[in-house]
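Take a look at the letters that make up each chain.
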Amino acid sequence: MAPRPQAHILCIDDDEIARESAQALLSRWGYRVSLASSGQAGLELIDMDPPDLALVDLQMPGLNGLQVLEQVSGSHPDIILIMVTGHATLRKAVEAMKQGAYDFISKPFPPDELRLAVERGLERRRLILETKALREEKARMEANFMTLVSHQMRSPLAAVRQLLEVPASQARGPLPPAYRDFITRAVTRLDLLMQSINAWLAMSRLDEEGINERKIDVSFSQIIKDLVRRVEEEVRLAGQTLEVQAPEQDCTLEVDLESLREALYNLASNAVKYNRPQGRLLISGRILDQQVEVAVSDQGPGIPEKEQAYIFNEFYRSKSREVKSKPGIGLGLSIARRVIKAHGGDILVRSQPGQGATFTAVLPR
Amino acid sequence: MAKILIIDDDDDFRAASTAILEAAGHTVFSASDGKVGLEMVKAQDPDLIILDIMMDSIYEGFSVITTLRATPEYMDYRDIPVLMCSAVKQITGERFNIPAEARIAKGDEYLDKPFSSQELLGKVDKLLAE
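Chains as they are written, first to last, in this note's numbering: chain A, 1 to 365; chain B, 1001 to 1130.
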């Protein structure tokens, strides 16, 4: 086994004898040791040459042990801190533990006790670093995988779908009936696969942190216009009518435009999908004191009350005939709600069976 | 019927779109990169351009449209409507820092790839009617 790199231990203590005895013991056990005679000097050393573990005297003039603890746990949270207390002041030691110290020992300490505390502390440090490395590795792999999926898979699938569109639309003359069904089936399967990939990519981009980072100022009426523009063709192709009630005034919202567009589009496109033939789709925007609302209403079969609690669950699809007959994978609403929630809002659903459904996205102003 | 120029680096997309547009009675020319595409704009003076945004890089598509819209050399062609398309969903100015000249302008349209023949012909008819 390769020798482990020598662990580095910093001892911060204003008492010279205590420092030197700690140094003598720790070096004998094979550790690299640095010494600091005050809290301030200790902090400087930590910045210049961060140790794996620090022994910190609680009672020091100037910056005391608790103050050192507070600063180090802020700036170097993975350094293990063991508090050293001279007068066996248990109360202070407990307070230090509460603030994030790993352990404490009382002076004068028997060598074995020091050794045990240091070994346990270093083991803890090793685990912390290992977890951190694993988490970074996982994030890297996920990022690579996403790139792979989005570029290496999506583009060729899109091309295959485009090629199939030529026979599917019978652009070059009618397809022999014996083949027609097979082309239609292939197209349906491919469309579903691409929808899954897109939904899944969208889902994996949806962390609140990312959404906050991408927030920009956008006009509310522009958001409604974008939505209408994006869905109007779909409404027309479905033989339905579109009614828009735009807000009378306008206001500025701080949003991640891309994910918000996707979320609202999911609501509108669902409404088209489940609307009754020749039904009306209503998109309305409202500005209230503290919030804005975007409501999308259809005139479809509606959602039974007992199902309303589940429709936002990932991969949930209603068992009803109307829903099962339409293609879908059950991610649209859960994505929409995740996005709206990440913006500090929520989606409300109102529906009476047989009388359509209204989904209202509420966003804080 | 119209003269349509397709600029797209993907052979399969060009072939499929060409088949659909020709079946609808249009005359179609195509180019597989931005440079050749711009030369064909001058040579053929098309009524409409279908432009893939994400060719070699996203900038290639945008540079075609900025050249078309904002250089004196293309003064005579700057009003040709452009149907932009891309397999990268929802290309928007915010995300890719698109130059102002290349934003989807009045009279232009955008289409996600893959598109149905109805969607394609719908957008084409709309742009040609304007």
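Hints are computed from structural coordinates only; laboratory data are not their basis.
One should not assume that every hint holds.
Claimed, not checked - Below, a list of computed lysine-lysine pairs in the BS3-like style, where the Cα atoms sit at most 25 Å apart:
| hint | chain 1 | residue 1 | chain 2 | residue 2 |
| --- | --- | --- | --- | --- |
| 1 | A | 92 | A | 107 |
| 2 | A | 225 | A | 215 |
| 3 | A | 225 | B | 1042 |
| 4 | A | 225 | A | 341 |
| 5 | B | 1042 | B | 1126 |
| 6 | A | 273 | B | 1042 |
Predicted, not measured: the structure shown is a model, and the values here were computed from it.
Status of the hints after comparison with the structure:
In summary, the hint linking residue 92 of chain A to residue 107 of chain A is supported, as the alpha carbons are separated by about 14 Å, within the 25 Å threshold. About 19 Å separates the Cα atoms of residue 225 of chain A and residue 215 of chain A, which keeps this hinted pair within 25 Å; it holds. Taking the CA atoms of residue 225 of chain A and residue 1042 of chain B, the gap is about 35 Å. The hint is violated against a cut of 25 Å. Simply put, residue 225 of chain A and residue 341 of chain A have alpha-carbon atoms about 22 Å apart, close enough for the 25 Å limit, and the pair holds.
A threshold of 25 Å between alpha carbons decides the hint, and for residue 1042 of chain B with residue 1126 of chain B the separation of about 23 Å falls inside it, so the pair holds. Annotation: proposed proximity of residue 273 of chain A to residue 1042 of chain B is violated, straight-line Cα distance about 44 Å (limit 25 Å).
Hints 3 and 6 from the list above are not met by this structure, while the remaining hints are.
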